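So you can see what is in the structure, the chains are spelled out below.
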Amino acid sequence: SQTIHQWPATLVQPVGSPLSLECTVEGTSNPNLYWYRQAAGRGLQLLFYSIGIDQISSEVPQNLSASRPQDRQFILSSKKLLLSDSGFYLCAWSVRNEQFFGPGTRLTVL
Amino acid sequence: GENVGLHLPTLSVQEGDNSIINCAYSNSASDYFIWYKQESGKGPQFIIDIRSNMDKRQGQRVTVLLNKTVKHLSLQIAATQPGDSAVYFCAENMGSGAGSYQLTFGKGTKLSVIP
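Sequence lines, in order, name chains R and V. Numbering follows the working numbering, in which position 65 of the first sequence is assigned residue number 218; successive positions increment by one, without gaps. Numbering follows the working numbering, in which position 70 of the second sequence is assigned residue number 431; successive positions increment by one, without gaps.
Honestly, I wouldn't trust all of these hints.
As a list, the in silico DMTMM-like pairs of lysine to aspartate or glutamate whose alpha-carbon atoms are at most 25 Å apart [as the list claims (entries may be wrong)]:
| no. | chain 1 | residue 1 | chain 2 | residue 2 |
| --- | --- | --- | --- | --- |
| 1 | V | 403 | R | 179 |
| 2 | V | 403 | V | 445 |
| 3 | R | 232 | R | 207 |
| 4 | V | 432 | V | 376 |
| 5 | V | 403 | V | 376 |
| 6 | V | 417 | V | 445 |
| 7 | V | 471 | R | 238 |
| 8 | V | 429 | V | 400 |
| 9 | V | 468 | R | 251 |
| 10 | V | 471 | V | 400 |
| 11 | V | 403 | R | 207 |
| 12 | V | 468 | R | 207 |
| 13 | V | 468 | V | 400 |
| 14 | V | 471 | R | 251 |
| 15 | V | 432 | R | 175 |
| 16 | V | 403 | R | 212 |
| 17 | V | 403 | R | 251 |
| 18 | V | 429 | R | 207 |
| 19 | V | 468 | R | 238 |
Covered stretches of chain R (chain V as the covering partner; in silico rule of three or more C-beta atoms under 8 Å from a C-beta of chain V) [to be verified]:
| no. | region |
| --- | --- |
| 20 | 195-209 |
| 21 | 233-240 |
| 22 | 256-262 |
By construction, these hints were calculated from the structure, which means they are not laboratory data. Model, not experiment: these values are computed from the prediction. All residues carry an ideal CB built from backbone N, CA and C; glycine is no exception.
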């Protein structure tokens, strides 16, 4: 069966510090991968999606970036965090239509 | 697309009653729809899906209805239980074979079950 992992589960970072969130998927090959952000009490905002290694599409201009160095690994990064980057970050994978979500990372930027 | 600037609408239901959560989607060309349940602090979980060639689909205690004429989707939960308390999102698929299969999510509805 397929599983998706995200880490860390929670993170508190100062403004201006770098960020690296990791997502890995097991039990499937060549999945589509997605990064979403969810602000408190709000819906899901698609940040990036990837249909293959080193193939990244950005949906929203921002100070975040994404990379996919391996088929089942998706990384969300920032060189300098802003206060507005605080939120709940969700990674998801799909092979057909359904998307399956990871447990999320709660990021607080102080 | 999704409006991230609005706070979530809330639905309060007595335990044992039926719940109906509604969603309006944006693209008449969408051909696949999903309902997700998100409990506090967790990622969304798949509940049920429906394709545009269907009007109704039933699962365990849940039913999804699709009205393509008015671009409306609803999720019905029978005999609502405290464990059903969560935020519910609808999502539509507007991907067209390019391989990305992107979903566009609704803004979500918070369901609170009163014991």
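These are the hints, each one checked on the structure:
no.: 1; hint: V:403 / R:179; result: 19 Å, holds
no.: 2; hint: V:403 / V:445; result: 14 Å, holds
no.: 3; hint: R:232 / R:207; result: 19 Å, holds
no.: 4; hint: V:432 / V:376; result: 29 Å, violated
no.: 5; hint: V:403 / V:376; result: 23 Å, holds
no.: 6; hint: V:417 / V:445; result: 21 Å, holds
no.: 7; hint: V:471 / R:238; result: 24 Å, holds
no.: 8; hint: V:429 / V:400; result: 29 Å, violated
no.: 9; hint: V:468 / R:251; result: 18 Å, holds
no.: 10; hint: V:471 / V:400; result: 10 Å, holds
no.: 11; hint: V:403 / R:207; result: 28 Å, violated
no.: 12; hint: V:468 / R:207; result: 30 Å, violated
no.: 13; hint: V:468 / V:400; result: 15 Å, holds
no.: 14; hint: V:471 / R:251; result: 22 Å, holds
no.: 15; hint: V:432 / R:175; result: 37 Å, violated
no.: 16; hint: V:403 / R:212; result: 23 Å, holds
no.: 17; hint: V:403 / R:251; result: 18 Å, holds
no.: 18; hint: V:429 / R:207; result: 37 Å, violated
no.: 19; hint: V:468 / R:238; result: 19 Å, holds
no.: 20; hint: 195-209; result: holds (count 7)
no.: 21; hint: 233-240; result: violated (count 0)
no.: 22; hint: 256-262; result: holds (count 3)
Checked against the numbered hints above, the structure violates hints 4, 8, 11, 12, 15, 18 and 21; every other hint is satisfied.
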